[in-house]
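With the hints as your guide, set chain B onto chain A.
The primary structure of each chain is shown beneath.
Number of protein chains: 2
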Amino acid sequence: MTKTITLAHGNGGEENNELISKIFYKHFKNDILNKSEDAAILELNGKTAMSTDSFTVSPLFFNGGDIGKLAVCGTCNDLAMMGAKPKYLTCSVIIEEGFSTRELEKIVRSMKKELDINGAMVVSGDTKVVPRGAVDKLFINTTGIGEVEYEGISASNLKEGMSVLVNRDIGAHGATIFSAREGIELESNLETDCASLYPQVKVLIESGIEIVALRDATRGGVSAVLNEWAKASAVCVEIEEEKIPVQESVRGICEMLGFEAVDLANEGTFVLVVPKSDEEKALEVLRKTHESAELIGTVSMQYEGKVILNSSWGTKRFLDLPTGELLPRIC
Amino acid sequence: MTKTITLAHGNGGEENNELISKIFYKHFKNDILNKSEDAAILELNGKTAMSTDSFTVSPLFFNGGDIGKLAVCGTCNDLAMMGAKPKYLTCSVIIEEGFSTRELEKIVRSMKKELDINGAMVVSGDTKVVPRGAVDKLFINTTGIGEVEYEGISASNLKEGMSVLVNRDIGAHGATIFSAREGIELESNLETDCASLYPQVKVLIESGIEIVALRDATRGGVSAVLNEWAKASAVCVEIEEEKIPVQESVRGICEMLGFEAVDLANEGTFVLVVPKSDEEKALEVLRKTHESAELIGTVSMQYEGKVILNSSWGTKRFLDLPTGELLPRIC
Chain A
3 MTKTITLAHG
13 NGGEENNELI
23 SKIFYKHFKN
33 DILNKSEDAA
43 ILELNGKTAM
53 STDSFTVSPL
63 FFNGGDIGKL
73 AVCGTCNDLA
83 MMGAKPKYLT
93 CSVIIEEGFS
103 TRELEKIVRS
113 MKKELDINGA
123 MVVSGDTKVV
133 PRGAVDKLFI
143 NTTGIGEVEY
153 EGISASNLKE
163 GMSVLVNRDI
173 GAHGATIFSA
183 REGIELESNL
193 ETDCASLYPQ
203 VKVLIESGIE
213 IVALRDATRG
223 GVSAVLNEWA
233 KASAVCVEIE
243 EEKIPVQESV
253 RGICEMLGFE
263 AVDLANEGTF
273 VLVVPKSDEE
283 KALEVLRKTH
293 ESAELIGTVS
303 MQYEGKVILN
313 SSWGTKRFLD
323 LPTGELLPRI
333 C
Chain B
3 MTKTITLAHG
13 NGGEENNELI
23 SKIFYKHFKN
33 DILNKSEDAA
43 ILELNGKTAM
53 STDSFTVSPL
63 FFNGGDIGKL
73 AVCGTCNDLA
83 MMGAKPKYLT
93 CSVIIEEGFS
103 TRELEKIVRS
113 MKKELDINGA
123 MVVSGDTKVV
133 PRGAVDKLFI
143 NTTGIGEVEY
153 EGISASNLKE
163 GMSVLVNRDI
173 GAHGATIFSA
183 REGIELESNL
193 ETDCASLYPQ
203 VKVLIESGIE
213 IVALRDATRG
223 GVSAVLNEWA
233 KASAVCVEIE
243 EEKIPVQESV
253 RGICEMLGFE
263 AVDLANEGTF
273 VLVVPKSDEE
283 KALEVLRKTH
293 ESAELIGTVS
303 MQYEGKVILN
313 SSWGTKRFLD
323 LPTGELLPRI
333 C
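Residue numbers (our numbering), protein chains in the order written: chain A, 3 to 333; chain B, 3 to 333.
Quick caveat, the hints were computed from the structure, so don't treat them as lab data. Among the clues, some could well be false.
Below are the DSS-like pairs computed for lysine-lysine, each with C-alpha atoms no more than 30 Å apart in a straight line [unchecked claim]:
#1 B:Lys233 to A:Lys49
#2 A:Lys161 to A:Lys308
#3 A:Lys204 to B:Lys49
The following label-pair restraints were derived from C-beta to C-beta distances [what the hints assert, rightly or not]:
#4 B:Glu257 to A:Glu20: 24 to 34 Å
#5 A:Arg134 to B:Trp315: 37 to 47 Å
#6 B:Gly100 to A:Arg134: 34 to 44 Å
#7 B:Arg134 to A:Tyr305: 36 to 46 Å
#8 A:Arg104 to B:Glu250: 45 to 55 Å
#9 A:Met3 to B:Glu250: 55 to 65 Å
#10 B:Gly100 to A:Lys108: 31 to 41 Å
#11 B:Ser209 to A:Thr291: 50 to 60 Å
#12 A:Ser23 to B:Met258: 25 to 35 Å
#13 A:Arg134 to B:Glu257: 43 to 53 Å
#14 B:Phe63 to A:Gly100: 50 to 60 Å
#15 A:Ser294 to B:Phe63: 49 to 59 Å
Owing to the predicted nature of the structure, the values given are computational and were not obtained by experimental measurement. Glycine included, C-beta positions come from ideal geometry on N, C-alpha and C.
For reference, chain A alone in the conformation it holds in the complex (with noise of 0.2 Å):
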């Protein structure tokens, strides 16, 4: 291989060829995936989630992660959160035209890295590369289809007395791709939350907790989540601001921002919620892998399709879906 990509490796030809087999092949490698057909053949049988997600964000590596782990994150999350173990994976790539060959090995690294946490494969793909200036480096498509292991999990579920809680402290990925944007240096270890959920969520299935609503909070960040539940289940939202667990690192680059923690993007944290009954036991089960999990709220029925935000002085304020600019490409 030449040691950066040419606009010949997206050929269709012998250069193509040889960009599949010794970067994509030779790691993705596996008894589905076939180099002379242009479509996999699976044997499925069931109920059957599927999700996509396409990838851009800036700079592809950061602190805890790459755009390639993120690629696999990111879609196996969106499977997982439905309930369903990720199975089969797409990959499509679009690269611009002189990008590094080592570089595009390694992220290709950490996508099989990740893909083996879920127990997951690619069993089909694409690459494309274009002109110089027609695309920013590199852009990763990863649709995933997985077996639904719970049923009934749904945005339009939440009742009046439930528990919400997070699986973690949240906004970590967010600042984390705005500092290293900005070129900020930190004193502190701040990375990307970025991380395969299935694991998590294979747990508190098998503890049998009820599981009602789950969702991993990415772009939007927790407001987009807790907004969309409240108008889908037509119910309130109301949570203990002073419970939401946010990093010392993050609450100082919010503050830089000028945004709220709960509008940060995500990719490894989720939000959940469980009958009442069940938010002990819960909070037990996600501290095993986070020990920042929180019990951050519950459902009523004060304003219906709100979130409502409750200080400990006794103040209360909505927090709405967020709008505006936020961060451009941070997944």
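Chain B in isolation, oriented as in the chain A frame:
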């Protein structure tokens, strides 16, 4: 909606929801697609084909099609070529800030029209908006799954004596994109061959023809398909050069480009291998859609893994896998 897409339309918040509702959901709406969830839940049973493709074609609109039509045809065709009926697609769009909302809707409308031809639907989606310069206008990824209706189609099944056919004249897509990009005014009515191929595959299956190998000749053209088959099956594919159907206008553009029509990309043209005993019936079926369908060659054992072009003068030459840059951003 604003007249152009802004960064806020990719924020995961309010403007993002507006974009999804007013453009994508409006046209793609169906019982499975759920605005409130990140993954779709499908009921699947049995052999399922899965394929992905990212589309970066430039220009976005061209004679006979646009990137939306192409994005649905491309993925549905990859499924159809495995004997599968296209059923569920995901649609992930990366949009450059400032892109025209009206043009975006035109593209989505084109996608919907082509989905209907396939009897397929979009079940999950993703939209990203990136800052000016991070992508050239708009890229689309579609990933599809289909129900296998005909089993056993494979690149490695070619055997001596079998017949090779094309469903129509070749190279129209490549020639159209090149003309559009270079602003060449043509007197002819040259347009892309971009089309959904499932209907033609369905008729082949229903006619009882044995489909040995089937592939749409996209990037790398007919040359790439034949070379991959010759290698995968360890046979020689012998093509009668003068039998290959090429429109006059495509031939003219090839001369200007210094390309061969067999290397040009197609988006609605496929190569088919059948047993000799089925060749007449297959040709008859194919000609119901395109009069230009043709029997172009046979499988032999003359040079294992190679493709040969025979001329009517009795000369022979090898047709190799395309190399070099060809035309970037053709699909």
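### Task
Mind listing which of the numbered hints don't hold for this structure, in increasing order?
1, 6, 9, 13 and 14
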